[in-house]
Each structure stands twice: as C-alpha cells, then as structure tokens.
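**Student:** If you read the sequences in order, they're chains C and R.
Okay, so the first sequence: first residue is 0 according to numbering that gives the first Met the number 0, each after it adds one.
Okay, so the second sequence: first residue is 0 according to numbering that gives the first Met the number 0, each after it adds one.
Hints are supplied without guarantee of correctness; some may be wrong.
[Claimed, not checked] Looking from chain C toward chain R, a few residues come up when the C-beta cut is under 7 angstroms (computed):
#1 Ala17
#2 Gly20
#3 Lys22
#4 Pro94
#5 Leu98
Note that these hints are calculated values from the structure, not bench results.
Every residue gets a Cβ at the ideal spot worked out from N, C-alpha and C, and that includes glycine.
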Amino acid sequence: MRQAIMINTMNEIEKLTAKPGVKLYFWLAALGPVLMVFLAEKIQTNDMITLPALNVSFSILHAFILLVLPLFSFMAASDLFAGEWDKGSLFHARPVNRLELFLSKNTAIGLLCISQLVIVWLSGTISLAVVEREVIWSETGSTLLSMFISIFPLVAIICFASFLSQCFKHSSTALSFMIFGYLIMVGLPFLFPQATNLFPTAYLDWHLQWHGNVNISWISMSFLYLFSFSSLFFTSGYYIFKTKEL
Amino acid sequence: MGTVLEVTGVSKQYRNGRGIKDLHLSLEQGNVMGLIGPNGAGKTTLMKCITGLVQPSGGRIIIFGREIGHDYKEAIRPVGVYIGMGTMYPHLSPYQNLKMALRFYPELGDSRIDEVLEQVGLLQFKRDIVSSFSLGMNQRLGLAAALLSKPSLVILDEPANGLDIDGMLLFRKIVEQLSAEGVTFLISSHLTGELERICSHFSILIGGELKFTGPTESLGKGKSIEDHYVERLGGNFYAPSNNDQYDE
Numbered sequence: 000m001r002q003a004i005m006i007n008t009m010n011e012i013e014k015l016t017a018k019p020g021v022k023l024y025f026w027l028a029a030l031g032p033v034l035m036v037f038l039a040e041k042i043q044t045n046d047m048i049t050l051p052a053l054n055v056s057f058s059i060l061h062a063f064i065l066l067v068l069p070l071f072s073f074m075a076a077s078d079l080f081a082g083e084w085d086k087g088s089l090f091h092a093r094p095v096n097r098l099e100l101f102l103s104k105n106t107a108i109g110l111l112c113i114s115q116l117v118i119v120w121l122s123g124t125i126s127l128a129v130v131e132r133e134v135i136w137s138e139t140g141s142t143l144l145s146m147f148i149s150i151f152p153l154v155a156i157i158c159f160a161s162f163l164s165q166c167f168k169h170s171s172t173a174l175s176f177m178i179f180g181y182l183i184m185v186g187l188p189f190l191f192p193q194a195t196n197l198f199p200t201a202y203l204d205w206h207l208q209w210h211g212n213v214n215i216s217w218i219s220m221s222f223l224y225l226f227s228f229s230s231l232f233f234t235s236g237y238y239i240f241k242t243k244e245l
Numbered sequence: 000m001g002t003v004l005e006v007t008g009v010s011k012q013y014r015n016g017r018g019i020k021d022l023h024l025s026l027e028q029g030n031v032m033g034l035i036g037p038n039g040a041g042k043t044t045l046m047k048c049i050t051g052l053v054q055p056s057g058g059r060i061i062i063f064g065r066e067i068g069h070d071y072k073e074a075i076r077p078v079g080v081y082i083g084m085g086t087m088y089p090h091l092s093p094y095q096n097l098k099m100a101l102r103f104y105p106e107l108g109d110s111r112i113d114e115v116l117e118q119v120g121l122l123q124f125k126r127d128i129v130s131s132f133s134l135g136m137n138q139r140l141g142l143a144a145a146l147l148s149k150p151s152l153v154i155l156d157e158p159a160n161g162l163d164i165d166g167m168l169l170f171r172k173i174v175e176q177l178s179a180e181g182v183t184f185l186i187s188s189h190l191t192g193e194l195e196r197i198c199s200h201f202s203i204l205i206g207g208e209l210k211f212t213g214p215t216e217s218l219g220k221g222k223s224i225e226d227h228y229v230e231r232l233g234g235n236f237y238a239p240s241n242n243d244q245y246d247e
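With the hints as extra help, turn the sequences into a complete structure.
**Tutor:** This is the structure we're talking about:
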C-alpha cells in the first residue's frame, strides 16, 4: 500500500508541477517574502516606524497561510479531482486502489503546500537577514515553529478542498465555489461571532497560540477541532471518490 | 491454453435504463477477440467493468484467476488497457505520461518507454506535448500505454479510430506478433473488415446483450462479420439515442 501511495504521489506532483499556474505559486513563494521585507524596510525608513523583524516574518507567513496556500490548495484540488474527472483521466486501470489514489492526491497537495511554506520561510529569513544585517536566532526559531504548526490547519483546508472539488464536474466551477465557500467561512464569523469556531478557517492563525503564554487546553481543543474537520471532509471526500465512475 | 478472462453474468444498469445485461464471456490465452456492436450497445461499459473503472451491478469478472472486485491490484497488474482519449495528460509529453504508468512496474526499466514508443512509431515525438498530437498520434500513444507493462491481456477500445494507413498496418502487425507470443486481446471496433483480419474470435453486442460469440472461422464461406452482424440485427438498424455519449 505504502509503495503505491508513494508512486502515485510522485505522479500527482509531476502532473501539478508541470502546470504554469503551479510554477507561478512557487515563484510567488520565493519572491513574495523578498518584496514584503523590502517594502517593510521602505516603510520603516520613510515613515520612521519601527517594525520588529518577528512581526514582518509573521505577516509574511499570515499572507501565505490565509490567502496564497488556501488558493493553491483549491486550484490543485480542482485540477486533480474535478478537472481530471471532466477529462476522463481521474482513474486508470493500474495496480493502485481508490483509497491509495485518494490519499496520494491529498498527500501531493499537502507536500506542495509544505514545500511552499519552506520556501517562504527561507526566503523571508534570508531577506530579513540581509536587511537587518544580522540573524536573530530566537525569532528565526519562532517562525520555523509557526511554519510547522501551520501545516495542521492547512491539512483541514486541503481535505475541505478535495471534498468540495468532487461535487463539480468542471475545475473552473469547482474552483469558483471553493473560493466562494472559503470567503463565507472567513466572513461569516464577522457577522455571527458565535460561529467563529465552526469553520477550519478560524484556526489558520493557530500557530500564534504556540508563542508566549501557551494555553494547553485551548491548543488541545483546537487540535481536536482541526482533526475532526479533517476527518469529516476526508471521509466524505473519499466516499464520493470511491463511488465515482468514469 | 488457460482461461485468461471470465465474465460471468455481468450487468451494469445506468439511470437512463441502458447498460449491459447478464453478459457471459470467456477468453483463452492467445485469443484475439473482436467486440462489435452499434453505438450505445455497451462495448465500452463492458470494458470499463472488466478493468474496474465502473462497478458492475452484478456478476463476476475473473482475470487470471483473480476476481477484479476483490483483488483489484493483482488482477489488473497483467492487463494493458486503452479506453478512450482522456487517459493521457495533454500538458505532459509522451515520455512523462508513460513514465507515470511505468512507476507501477519497477521491474521494467526506463528503456521500456523508448521500446514501446518505437514500436508505435512515436519515438521522435517523445518530448513533445501531447496536446499538440493528432487523433492518430493519440491513438498510437494509447496503444503504447497499453503495451507498456508487457501485459498478458490487452484491452483496447476502438484503437483503430483515426489511424492512418501506416498506423493501421503497424497496429495489425503488433496484434499479430503479440498474439503469436500468447498475449490475449479484447478489441472493440466498428471496422469489421479490420477485425476480420486480426481476430480469432468475435462477439456481437446489441442493446447491452451478447447476441453472438464464437471463432471467426465459424462465419461460413463467403460470409463476413458484417453479414453476421446484419443478420443478428434482423434488419432493424439501431438508432442511437441522445444518451449514447454517456455510456457507449
């Protein structure tokens, strides 16, 4: 089983990385932090505002976790599920079963998200070191920890994306609905604050809870929520995937 | 000569009421079975059921002694399949497309890709993008994909569509050569003349039911597959409905 998942994950990554849209995301991950760091530096010089390096690093991470990576997950999921179903290339007569296929598609999206996070972190850290002319190791460690912790809420978003993308037959329709759904999940808590914890989007800044005074019970509760969201969307997504026919 | 494929009482009903009904089919090693029938008769549905791409509503499919519903991975391993155009990724090259399939057969080296591409006459296009290919080139690539894993059973859905004369001759040569080596083929086509040349057996599928199956030799003197087919239709030429595009 493990070998089939590994092989198919490689296949899915190869398919995705050959697309110009995906390459663009990787360029954005590499160059976005550089631009943001130099922009922050410009603001500090012109407006005489002092921005701590840690704030700049977190702002970069936030921009990617809240906006870029969910968008990337939606695009990748709509391509790998709705798009392939539409073109008739979702299933092949190969020695791989549906569970392995579904797992590997999700794993591929996850690995590409992690790769982008690593690039963002490296790019941000190097740019800050160049601008500040020093490396503050404690801050670098904090942002590294945040980067790793941010993977958990992203898993829930990926599961949500792979579930929703299967409800549509065209990748463009799937992508539009996912963006719409995401905006609702982000926006609804502003209108109904009591709904805040109901959506996985509320935990995208989860990494902030791991710094300073760590509230273990809140972290465990958040983890349980994220785990539940991921399991729910993964199971529902797999059920639809398993019953699909070309 | 062992039994390669056994289809027993397989049915698949679609919501529109069409599909295949209680099909029985058996292929022995080295057989080249031609499957003919009008559009919407259920040829592709049968092939999709055999390869596990569609779940049959009932019946059993056994490939080399393994039931496809229970032991999918092992049952499908010795099978090479080409069903429809959508199986290739248009933004990738033939090499990349075949490499993705080859990864599931680690015992075969990368040189196998060049081998099959040469076999179908596409070696010089191995780094081109598939979306730039003509219908005939896509069909050749589909054939290459089906032969890639050195399969013992090859299932091809209308592989001769869009092939030029060279392609047709090449296809015929490949089938003849491999069947002589003991590879079994199940080929659907509308080109009855072509099937007559390459098939040892043929089956007629009409309205989801198998109307005839037997060796090509049994046609009788001066009779073609087409004559046989017209006889089975009883002069009632089948009029395809609007739903044909969904489940041929």
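**Student:** Min Cβ distance, C:Leu98 to chain R: is it shorter than 7 angstroms?
**Tutor:** violated, 11 angstroms
**Student:** Is the shortest C-beta separation between C:Gly20 and chain R less than 7 angstroms?
**Tutor:** violated, 11 angstroms
**Student:** Holds or violated: C:Ala17 as interface residue toward chain R, Cβ cutoff 7 angstroms?
**Tutor:** holds, 6 angstroms
**Student:** Are C:Lys22 and chain R close enough, Cβ to Cβ, to be under 7 angstroms, as the hint says?
**Tutor:** Interface hint status for C:Lys22: violated (12 angstroms vs cutoff 7 angstroms).
**Student:** Grab the minimum C-beta distance from C:Pro94 to chain R and call the hint holds if it beats 7 angstroms, violated otherwise.
**Tutor:** holds, 4 angstroms
In the structure shown, a violation is registered for the earlier hints numbered 2, 3 and 5, in ascending order.
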